[in-house]
Amino acid sequence: MAEVSVQNVTKHFGTLKALNNVTMDFPDGGFFALLGPSGSGKTTLLRAIAGFIFTDGGSIRIGDKSVEHIPVEKRDIGMMFQNYALFPNMTVADNVGFGLRVRKVGADEERRRVGEALELVQLGQHGDRKPHQLSGGQRQRVALARAMVTNPKVLLLDEPLSALDKALRVDMQIELKRIQREIGITTIFVTHDQEEALTLSDKIGILKNGTMIQAGPPREVYSNPADVFTAEFLGEANFLSKDGKGVLGLDAASIKLPAGTGTNATLAVRPESMSITVDEPQQDDMSKLPATLERRIFAGAMATCILNCDGQVFKVIARDQDIPELKEGGQVWLSWKPEKTIVVPSGG
Amino acid sequence: MSGRFLTLLGKTWLGLILFFLYAPIIVMAFMSFNASQYYQLPFEFSLKWYQDLAGNDEIIAAATRSVLIALVTTVIATILGTAASVALFRFEFRGKRFLQVMLFPPIAIPWLITGTAMLIFFFGVGLGRGTPSVIIGHVALALPYVIVVVSARLATFDATLEEAARSLGADAWTVTRRVTLPWISSGVIAGALFAFAVSFDQFVVSYFLSEPGDSTLPVLIYTSIRKGFTPEINAISTIIIVVSMAVMLFAARFSNFGGER
Chain A
0 MAEVSVQNVT KHFGTLKALN NVTMDFPDGG FFALLGPSGS GKTTLLRAIA GFIFTDGGSI
60 RIGDKSVEHI PVEKRDIGMM FQNYALFPNM TVADNVGFGL RVRKVGADEE RRRVGEALEL
120 VQLGQHGDRK PHQLSGGQRQ RVALARAMVT NPKVLLLDEP LSALDKALRV DMQIELKRIQ
180 REIGITTIFV THDQEEALTL SDKIGILKNG TMIQAGPPRE VYSNPADVFT AEFLGEANFL
240 SKDGKGVLGL DAASIKLPAG TGTNATLAVR PESMSITVDE PQQDDMSKLP ATLERRIFAG
300 AMATCILNCD GQVFKVIARD QDIPELKEGG QVWLSWKPEK TIVVPSGG
Chain B
0 MSGRFLTLLG KTWLGLILFF LYAPIIVMAF MSFNASQYYQ LPFEFSLKWY QDLAGNDEII
60 AAATRSVLIA LVTTVIATIL GTAASVALFR FEFRGKRFLQ VMLFPPIAIP WLITGTAMLI
120 FFFGVGLGRG TPSVIIGHVA LALPYVIVVV SARLATFDAT LEEAARSLGA DAWTVTRRVT
180 LPWISSGVIA GALFAFAVSF DQFVVSYFLS EPGDSTLPVL IYTSIRKGFT PEINAISTII
240 IVVSMAVMLF AARFSNFGGE R
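Residue numbers (numbering that gives the first Met the number 0), protein chains in the order written: chain A, 0 to 347; chain B, 0 to 260.
Derived by calculation from the structure, the hints in this document are not laboratory data.
Check each hint, because a few of them may be wrong.
Claimed, not checked - Taking lysine to any residue pairs in the SDA-like style, the calculated list, with each CA pair at most 20 Å apart, reads:
#1 K73/A / K95/B
#2 K129/A / T159/B
#3 K326/A / I275/A
#4 K207/A / K176/A
#5 K255/A / S240/A
#6 K207/A / P323/A
#7 K103/A / T159/B
#8 K103/A / K95/B
#9 K64/A / F12/A
#10 K129/A / Y206/B
#11 K73/A / S37/A
#12 K129/A / K226/B
#13 K339/A / E235/A
#14 K73/A / P181/B
#15 K73/A / L160/B
#16 K226/B / F249/B
#17 K103/A / R176/B
#18 K95/B / F12/A
#19 K73/A / E162/B
#20 K73/A / Y206/B
#21 K103/A / D170/B
#22 K73/A / T90/A
#23 K16/A / K73/A
#24 K336/A / T276/A
#25 K129/A / P181/B
#26 K314/A / E271/A
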């Protein structure tokens with residue numbers, strides 16, 4: 000186990016800049032997400048750390064070793080592939096034991112460690128099966144066990160959960176996190192699912208067009224996005240203004256801004272930060288806006304409301320019981336605490 | 000009505016094709032068991048020609064030579080062809096498409112022309128005629144078949160399996176031996192059988208490149224026919240056909256013509 004550090008890494012594919020001066024630190028034992036839309040360079044970055052791609056510039060360190068010129072097989076990594084890439088001609092136990100056999104640990108130790116790894120992923124009884132006899136979730140566990148059994152310095156996961164259906168995906172998220180905590184291995188995973196990234200990771204790196212837009216703890220990037228793209232990508236946002244130009248025709252005096260906000264900033268509020276009331280809130284320290292309730296979508300404990308605020312569509316998510324009973328088309332007030340206003344610096 | 004007529008026409012057509020394809024072979028095989036030297040009927044069953052064949056040292060020597068040349072050709076062509084297929088699968092390089100396209104013309108160029116070209120070439124480089132030239136010629140002819148068959152199998156191979164093996168610490172050779180080869184083994188076997196068949200059945204190139212008195216079986220059969228036809232030739236031809244067909248059926252069974260099993 001070790002820390003991983005990526006400094007000023009650049010990679011071109013022909014004229015395309017797949018990675019543009021990317022820097023991010025992955026401290027020892029943490030769980031990290033590389034998040035971005037397709038073509039953002041997140042997979043390229045993961046493959047550069049793995050060693051499948053040699054970079055054009057910058058440095059990549061795993062532990063105290065510079066690895067830019069070390070091939071994949073000598074980097075001591077564990078990698079899990081999107082389609083799991085289990086060897087179809089081998090049993091589950093032989094799949095998991097492959098890395099140990101390559102390292103010539105001996106038959107007894109191989110059997111013991113394969114057994115332990117399969118126990119860890121709760122597949123102790125399935126060692127004799129072939130991959131095609133397993134379910135999707137089981138295959139994924141085998142792939143995870145195979146990637147970890149050699150005690151690699153870092154575990155790299157390429158969209159590890161994308162092939163699973165939603166219910167199984169949530170189970171596996173919890174499972175993945177448990178296993179990662181248990182063995183304390185530095186783990187980097189690639190995903191395009193912002194919820195998955197927010198749920199699992201200690202730190203998220205957000206990429207767009209090969210550039211690292213922002214890297215930080217989930218809460219920080221969620222509430223203080225570096226730019227409009229990040230604000231929109233990490234969840235829904237109701238924009239109050241973009242680059243200093245108000246999207247609302249209203250006098251924005253009713254919106255309280257955090258001190259030191261530049262005049263060119265973009266302002267937004269998350270759907271879950273706003274409350275809906277029938278009467279105008281009396282607290283002076285709240286930001287508030289009048290709006291028309293257009294639709295209310297009931298979803299069990301929570302409800303989503305679509306509102307029209309001076310021509311702009313706003314979305315508010317709240318506990319169903321906290322939303323006043325109102326006919327669609329009724330007049331309401333939206334209010335939120337000033338610190339819930341997301342201020343995105345301009346030019347982002 | 001017309002549908003039924005078309006079906007009938009199709010079946011007749013297929014029957015005629017099979018008839019013209021196999022009738023001569025069946026007649027020949029039949030006659031190899033006929034006692035008469037001049038194909039006289041009525042048919043009288045006899046293994047005489049097969050017994051004569053067993054005593055014909057010249058034919059036995061040529062058959063042995065043919066099998067040995069075919070085996071050496073198979074080994075060389077299969078190893079080179081498989082290595083080439085894996086390289087074409089794994090790497091992107093300048094001129095790769097050109098190289099792949101250039102694999103096909105040798106299959107289409109008449110062997111007579113290939114044979115002439117090889118003869119001129121081997122004399123040009125000072126190798127001349129002889130068994131080494133025959134083997135080199137056969138390998139050159141068999142190579143495209145091996146590459147085509149093995150590449151077809153590789154097309155069904157998931158390249159991330161190689162990446163997975165490398166991420167687990169396997170070097171290039173281990174990846175090939177433990178992951179790639181097991182997957183393409185059926186294609187490699189099929190390619191080897193094709194290579195054997197191409198070499199064993201080869202006449203033109205062998206005829207041009209072998210030295211007199213050192214000929215392969217097909218060449219010997221040809222020269223014997225020119226001297227005078229004996230039913231012994233029917234007997235050896237029948238054996239060759241049975242063996243060749245067995246090999247080709249086996250190859251087809253393994254390659255499934257490139258499809259997934």
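Structure versus earlier hints - violations, ascending order: 1, 4, 6, 7, 8, 9, 10, 11, 12, 14, 16, 20, 22 and 23
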